[in-house]
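Assemble the complex: chain C is given as a structure, and chain F must be docked to it using the hints.
Listed in order, the protein sequences are those of chains C and F. FYI, the numbering for the first sequence is 723 to 831, going by the numbering used here. FYI, the numbering for the second sequence is 1189 to 1304, going by the numbering used here.
Hints in this document: simulated from the structure, not taken from any laboratory. Check each hint, because a few of them may be wrong.
List of simulated lysine to aspartate or glutamate pairs, EDC-like, C-alpha gap at most 20 Å [said to hold, decoys possible]:
| id | chain 1 | residue 1 | chain 2 | residue 2 |
| --- | --- | --- | --- | --- |
| 1 | F | Lys1229 | C | Glu730 |
| 2 | C | Lys731 | C | Asp803 |
| 3 | F | Lys1229 | C | Asp803 |
| 4 | F | Lys1208 | F | Asp1276 |
Since the model is a prediction, treat every value here as computed from it, not as a measurement.
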Amino acid sequence: AQRVTQPEKLLSVFKGAPVELKCNYSYSGSPELFWYVQYSRQRLQLLLRHISRESIKGFTADLNKGETSFHLKKPFAQEEDSAMYYCALQSGGSYIPTFGRGTSLIVHP
Amino acid sequence: GAVVSQHPSWVICKSGTSVKIECRSLDFQATTMFWYRQFPKQSLMLMATSNEGSKATYEQGVEKDKFLINHASLTLSTLTVTSAHPEDSSFYICSARGGAIQETQYFGPGTRLLVL
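The shape of chain C in the complex, shown without the other chains (with noise of 0.2 Å):
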């Protein structure tokens, strides 16, 4: 079975310092991984994925297959950065996703 873990349910941060959403999963095969943003009062949205590699909005995020991780940096956040994250997984060939419970990021002026 896939499985998503996000530890943190929340991650408070001044504006200026180092983010990391941390995304670990449990999978066999080879997954295809996404982190999803939303912001206050907006609908779910692609922030970026893992084949594109790719920053998007100042955020990466790495494959790490031997730690089974995908974590999110950026390494100055900004205010409009607050919003809740969610890392997801497909496996291989399926298009169902699996969610992880989500980050909620606040970054203080």
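Just chain F, lined up with the frame of chain C:
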């Protein structure tokens, strides 16, 4: 970009009544639509997956007679909460897969249901 709409955005109903929620993909054909339930400050719980023209696949623990899903076209899926009770009060979110990036889901804004 791909847009998914939901209607209504919120609904209040009496216990025992049925409520229908619509999910539409506005500018793309959705091969698959998903229905989620989200409790306050908790993650999304996948309720069911539906493909156009076929029966929905429900997740374990989700009553298919309680939550009727119809996916009549490539742009419309409906979720009907039958004989709603207060414990059905929740935030229901649909998502659709399709469009330019096949593996990506596009989420609707959600529907808040309050059953009195």
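Legend entry - Structure versus earlier hints, numbers of those that do not hold, lowest first: none
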